[in-house]
Amino acid sequence: MTLNKEYTKEEVETIFSTNFGYGIKGITLRKYKNGNPYIILFSKENGPYSDEFSENAFYYDGEGINKDQKLTAANKALVNAKEDRRTIYGFRQESKRGMWRYIGILKVLDYEYVPKNGFKTYVFKLGKVSDY
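Its first residue numbered 232, the sequence shown is counted upward by one per residue in the working numbering.
Everything labelled a hint here was simulated from the structure, so no lab data went into it.
Any given hint could turn out to be false.
What the hints assert, rightly or not - Capping the alpha-carbon separation at 25 Å, the derived lysine to any residue pairs in SDA-like fashion look like this: (1) Lys236 <-> Tyr344; (2) Lys347 <-> Met330; (3) Lys262 <-> Glu237; (4) Lys327 <-> Thr259; (5) Lys301 <-> Glu237; (6) Lys351 <-> Lys262; (7) Lys240 <-> Asp341; (8) Lys298 <-> Glu286; (9) Lys236 <-> Lys356; (10) Lys301 <-> Ala288; (11) Lys327 <-> Lys262; (12) Lys359 <-> Tyr333; (13) Lys307 <-> Lys236; (14) Lys313 <-> Glu241; (15) Lys351 <-> Lys240; (16) Lys313 <-> Lys327; (17) Lys359 <-> Ile334; (18) Lys301 <-> Lys327; (19) Lys298 <-> Lys236; (20) Lys359 <-> Arg261; (21) Lys338 <-> Lys356; (22) Lys307 <-> Ala288; (23) Lys301 <-> Ile270; (24) Lys356 <-> Glu241; (25) Lys298 <-> Tyr333; (26) Lys236 <-> Lys351; (27) Lys356 <-> Asn287; (28) Lys307 <-> Arg323; (29) Lys351 <-> Phe247; (30) Lys356 <-> Lys264; (31) Lys359 <-> Gly349; (32) Lys359 <-> Tyr269; (33) Lys338 <-> Ile246; (34) Lys264 <-> Ser285; (35) Lys256 <-> Tyr344; (36) Lys307 <-> Glu237; (37) Lys264 <-> Lys327; (38) Lys264 <-> Lys351; (39) Lys298 <-> Thr239.
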């Protein structure tokens, strides 16, 4: 993959030899052929979550909206990713609907379970592997 290049859903599926079905989940859990787990992370600029980008970090809301978030398999995978160092591939959908810009390999720097918009929310602080 090429950093900052935009890919269609179908191209991402081909790259990872997977099928997302009708829609893409924000935290997509997958395994390499050797059985090691990895994560494909998707964020939409105008999505239902309030993900935030800055120069040095990316704040990503966990799975679950309009309710207190639970430690689902997806949220737990991100919590554990800080320790187990599983690879996280990051994609961001900005102005072009249906196109996903590859933002690089990410790692979990920290996370909190905090009140946000009236509900308890997992907020993950991510950084690019090349920057840390």
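Problem - Restraint status (C-alpha distance of Lys307 to Lys236 at most 25 Å) - result: violated (29 Å)
Problem - Satisfaction of hint between Lys236 and Lys298, Cα-Cα up to 25 Å - result: violated (34 Å)
Practice task
Verify the proposed pairing of Lys264 with Ser285, using a straight-line Cα cut of 25 Å.
Solution key: violated (34 Å)
Problem - Proposed proximity, Glu241 with Lys313 (alpha carbon, max 25 Å) - result: violated (29 Å)
Exercise for the section: Mind checking the alpha carbons of Lys307 and Ala288 for me, to see if they're no more than 25 Å apart? Expected result: holds (20 Å)
Problem - Holds or violated: Lys307 to Arg323, with C-alpha atoms at most 25 Å apart - result: Distance ~21 Å between Lys307 and Arg323 Cα, so the pair holds.
Handout entry: Agreement of Lys359 and Tyr333 with the hint, judged by alpha carbon distance not exceeding 25 Å
Key = holds (12 Å)
Exercise for the section: Below or equal to 25 Å on CA atoms is what counts here, so check Lys359 against Ile334. Expected result: holds (8 Å)
Practice task
Could you grab the alpha-carbon distance between Lys236 and Tyr344 and see if it respects the 25 Å cut-off?
Solution key: violated (32 Å)
Handout entry: Satisfaction of hint between Glu241 and Lys356, Cα-Cα up to 25 Å
Key = Violated. Lys356 to Glu241 sits at ~28 Å, over the 25 Å cutoff.
Problem - Lys298 paired with Thr239 [C-alpha distance capped at 25 Å] - result: Violated. Lys298 to Thr239 sits at ~31 Å, over the 25 Å cutoff.
Problem - Given pair status - Lys240, Lys351, alpha carbons within 25 Å - result: Cα-Cα ~31 Å, so violated.
The structure does not agree with the numbered hints 1, 2, 5, 6, 7, 8, 11, 13, 14, 15, 16, 18, 19, 24, 25, 26, 29, 30, 31, 34, 36, 37, 38 and 39 stated previously, though it agrees with the rest.
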